[in-house]
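*Asks:* Taken in sequence, the protein lines are chains A and B. Here the first sequence stands for residues 1 to 557, numbered as in the numbering used here. Here the second sequence stands for residues 1 to 486, numbered as in the numbering used here.
Everything labelled a hint here was simulated from the structure, so no lab data went into it. Just so you know, not all the hints are guaranteed correct.
Derived Cβ-Cβ restraints for the label pairs, each shown as a range [said to hold, decoys possible]:
hint : chain 1 : residue 1 : chain 2 : residue 2 : range
1    : A       : Arg-371   : B       : Asp-314   : 34 to 40 Å
2    : A       : His-307   : B       : Asp-314   : 19 to 25 Å
3    : A       : Asp-208   : B       : Arg-109   : 39 to 45 Å
4    : B       : Arg-109   : A       : Leu-196   : 40 to 46 Å
5    : B       : Pro-199   : A       : Gly-108   : 40 to 46 Å
6    : A       : Asp-208   : B       : Pro-279   : 40 to 46 Å
The beta carbon of each residue, even a glycine, is placed where N, CA and C say it ideally should be.
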Amino acid sequence: MEEGSGLSGEPASTEVVQAIKDVISSFLTAMKNYALYPEDHSISQKSVENVSARLNDFFSSYSDLRLDISKDGILFESEIVHQSPPELRDLGFLLFRDGIEWIEFRRGLELDELSRFFKILDDSRDVSQQSNSDLVTSLWEADFSYIGHETTEILWEEDALIDLTDLHVTGKEIQTVSSPLNDISEGGIMLQAIDLSKWVLTAQEINDLRETVIAEEKAGSSEEMLNLLLSVLDGPLHEKDFKDILVVLHDEFRDLLAGLELQMAFNLMKGLNGIRQSCEKKKPEVLPLLDHFLESVHSPEVLNAIHQIWPVLDILESHRKMLQETLILLPPAAILTLGPMLLEISSPHAQRLLTYTIESLASRDIRPLERLLADPRGDLLQRLLPVLRNLKGEESRQALVKMARHPLEQVRIQVIETLLERDEQSIEDLFPSIQDESETISRIVLEHLGKRRSEVAERLFLDYLKGRSFPREDSSHVLACYRALGRCGSNRSVSFLKEVLLAHGWSLGLLRSLDRQGAALALRALNTDEAEEVLRKAKGSVLPGVRGAYQKAMEGQ
Amino acid sequence: MTNDSKTVNTGNQLEQIPPAPGERFARALYWLVQTVRIHRDNNRLLKACVDEFLGAVSNCLEDEEHFTLQIFRGRFYLQDKKVIYRMESMDLIKAVLDFFERCGIAGLRIYAKIDEASVEQILAFARLLNQVGRQGDTFAWLSQRMEGREFSWVEIIQGADTNNLRLSGNKRKEMARRAYFNAMSSVREVAQKLASQQPAGLRKVKRIAQNLVDLLMEDDILLFQLSTIRDYDDYTYTHSVNVAILSLCLGKRVGLSRRSLEMLGICGLLHDLGKVDVPQEILNKPGKLTESEFEEVRKHPLKSMLHVLKMPTDQDLKTKIITPIFEHHLKYDLSGYPHVDRGSGQTFFARILSMADVFDAMTSIRVYRNKAFSPDHALSSMLEGSGREFDPILLKVMVNLLGVYPVGTLLRLDTGEMGLVIQSNGGTDHARPQVLILLPDEKGGFRKGKVFSLAEQDPKTLSFTRNVVRSLHPSDYGIQPAEFLL
Chain A
1 MEEGSGLSGE PASTEVVQAI KDVISSFLTA MKNYALYPED HSISQKSVEN
51 VSARLNDFFS SYSDLRLDIS KDGILFESEI VHQSPPELRD LGFLLFRDGI
101 EWIEFRRGLE LDELSRFFKI LDDSRDVSQQ SNSDLVTSLW EADFSYIGHE
151 TTEILWEEDA LIDLTDLHVT GKEIQTVSSP LNDISEGGIM LQAIDLSKWV
201 LTAQEINDLR ETVIAEEKAG SSEEMLNLLL SVLDGPLHEK DFKDILVVLH
251 DEFRDLLAGL ELQMAFNLMK GLNGIRQSCE KKKPEVLPLL DHFLESVHSP
301 EVLNAIHQIW PVLDILESHR KMLQETLILL PPAAILTLGP MLLEISSPHA
351 QRLLTYTIES LASRDIRPLE RLLADPRGDL LQRLLPVLRN LKGEESRQAL
401 VKMARHPLEQ VRIQVIETLL ERDEQSIEDL FPSIQDESET ISRIVLEHLG
451 KRRSEVAERL FLDYLKGRSF PREDSSHVLA CYRALGRCGS NRSVSFLKEV
501 LLAHGWSLGL LRSLDRQGAA LALRALNTDE AEEVLRKAKG SVLPGVRGAY
551 QKAMEGQ
Chain B
1 MTNDSKTVNT GNQLEQIPPA PGERFARALY WLVQTVRIHR DNNRLLKACV
51 DEFLGAVSNC LEDEEHFTLQ IFRGRFYLQD KKVIYRMESM DLIKAVLDFF
101 ERCGIAGLRI YAKIDEASVE QILAFARLLN QVGRQGDTFA WLSQRMEGRE
151 FSWVEIIQGA DTNNLRLSGN KRKEMARRAY FNAMSSVREV AQKLASQQPA
201 GLRKVKRIAQ NLVDLLMEDD ILLFQLSTIR DYDDYTYTHS VNVAILSLCL
251 GKRVGLSRRS LEMLGICGLL HDLGKVDVPQ EILNKPGKLT ESEFEEVRKH
301 PLKSMLHVLK MPTDQDLKTK IITPIFEHHL KYDLSGYPHV DRGSGQTFFA
351 RILSMADVFD AMTSIRVYRN KAFSPDHALS SMLEGSGREF DPILLKVMVN
401 LLGVYPVGTL LRLDTGEMGL VIQSNGGTDH ARPQVLILLP DEKGGFRKGK
451 VFSLAEQDPK TLSFTRNVVR SLHPSDYGIQ PAEFLL
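Model the full assembly from the supplied sequences, consistent with the hints where possible.
*Replies:* The structure is reproduced here in structure tokens:
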């Protein structure tokens, strides 16, 4: 910084003007790129580097660069160096619009400061009447070391300066001698002048104050604000105000998630859930507002923030835990947003977190999960199966039963395996699947049913085998059913099997032969004294068909 | 004077962080020039000042041949780089800037060969600087005195470019008044928009807060003088601006950053916004309010907060300002209103805001109270609430900031004169401020007389020439202090 610009006094030379025009041209390019690309994009960064290079050339050849701003354009020492069209992408117009009188770029200006300057220019293009900042306020806040500017008061009328004599220090009706306070100010009780020696800050107080100020400067106030708003919501409040606060909290929750302020996000959701509970009795009229808030807060618009923060969450377990605890506080309908994320975030940590969260939410209300399960995409359903597997209760079982009819075989297989492991009741619901068009499924069910003794399975098989709908034309199915009956059944089945195996008559022909063979297989699998007795009779039967059935069963066919 | 800033009594008790080289040099130069005025060459304190000055020079030179400390648009630059001051040094830096301005010099260039200069030469230069402010053509006078003497290690940079120097006093005052009325107009505009259910933005309020912070940094006394403006008819708006100003003065004194001061200023400007929802007949009721009317009034901090909450402000700003606005009627012991149970104390900003709010309210005539406290009595009364109503530490800061007789206090003197306090005495005797004598005019009002320091003594008797008999409230005499101060 020499005197002024170092160029004052003389008309600007053609070379100087051209150099300034080059600088401004690089400015316009950088502004354009900032409008098109993020600030950290290589194109944006290169354009700022270009501006910096042009400025440094100027600084080394001339001096600091001070530009005056007028409605017509940018001036250097009264000479127009850039005509400003009234467009927000134009540097001159943007500076003029917000009242910048001149702007100066000084030697020493570094790239970082220049980048921040272009970010401010870009952010300031869209300023409305309702805005809370503009180019001038942003430049003030940036407090640049090497970019100076002066502004003019364009936001206020010139005649705003009121004559102080026009202001009244008292009301017209005031009587200055009638107040009891006269005693204080005009005599009577004369207060002692303050003894300042009593009000000197101690070393400890100075230290305390310093620490308070440091803490104040560092602290984000979001937590303070959230605590306050939650307290206000919990107190007496007009419905409209209640709603307004919830709107703010909605945005705040999104920002907290995106900003990884997960403890605060948790506190917010916990607080709101608490308020919802207390409002059930105290303020039932606001419950719909709270419910609407809770519904809106799990929208993709809010929860998609999880995508952004996941790279960090993948590393920090404590953050994952806090996010999980926060998400669990959402309404079960959040499953509709969280479920699809299982397909979008591949990290195993994310899968576990989301699965656990969905499971927890579904345990409160399974219906959102059911809606998601109606999705025909098999890959999503497969991701959700572990959830269903862990869910307890009739609702989840019913959901699984419904899914057992899913068009995709792979889904049905997994659902059926899950259901079969659950309980006896599931066996009953899934028994029809022994007739599933998929041989695999049918086999799985039959094998599963034959794994252990089960009164339910035995009854179902007996009913099935006795029924008219039993598909006797499918020999392998028939034999598999009898075999499964033998493995899951008891002596209760012996009389039926005995009848099938030993009964006389030829009316059923080949089918009868298959049944006999099945019955012999079942009896062998039953492996009880009563079953052995029937098999012995079959072995000594006069009927070749019976003996043949026995023989095949013994051979393990 | 030593390098340890903790031992320096600058009237501010909050300095511990070591100063940057530029700040250290400015301070060292200033204290050298001040000390050389009252001490002989062999005085130990003066020697310590010279040592510190040389230490600061060496600190700035590093391995360079010379360095330049120069004022550029109201700020110091060391070797073309803006000197960043610690907040607690702002008062002293302002004094150094004033000093340079008085001397008519824009800066100094010190050469490495100062190593060869004797202590006597350095002291001689300091004495010249001490005298230069009293001369007519300061630069010419200084150049003449330096000519032919052993001052080759120092070069004076002339303040020829008026742009380089700070604004003149009158210009600053006009800017200050303009900022004040712009602030009033902006707060009124926001309030009116809210009252008519229109959306309101904070752009203007933000600009105003920034202007006030700039003024604060430039001339805090001038800013404080603005806060004496009273307007009975437009109380809410003058009060809002006054609270913002007082808060800023306190905030600066405790060392808040520029950005925090901006937010604190916005809090002050908007703290009473909720009054737009209180019926006018209640706000303007001359007598005592009924319980239900008072209940309405008690809602205004909540309403203020809600209005700000609904404004399209950025989240950072919103989170910082809504709690203090909500809590400005809360007391330090959490009594007051509105009461919410949130398990934490009053926020720092709210503690500042509430003191500024009470002070301005007590010193203003209100529709329901036809008498106001004089500033010193308001302060005395507030001290009784230390630890209960007000943060005891911040209250101490406030007392030390305002002095025994705050600016704008009207004093009856034992000479029979009336004096308006225009500046607290920054020295040891806080009870003896500078006063402007007010003389009766022909129209039944007052006109400006001379300015005296109440610390002034008769050289023969060594007794004070003027003493305070009692303080008065300017409004009792229809006096608008700002009219005489600005």
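*Asks:* Find the hints from earlier in the document that the structure breaks and name them by number, from lowest to highest.
*Replies:* none
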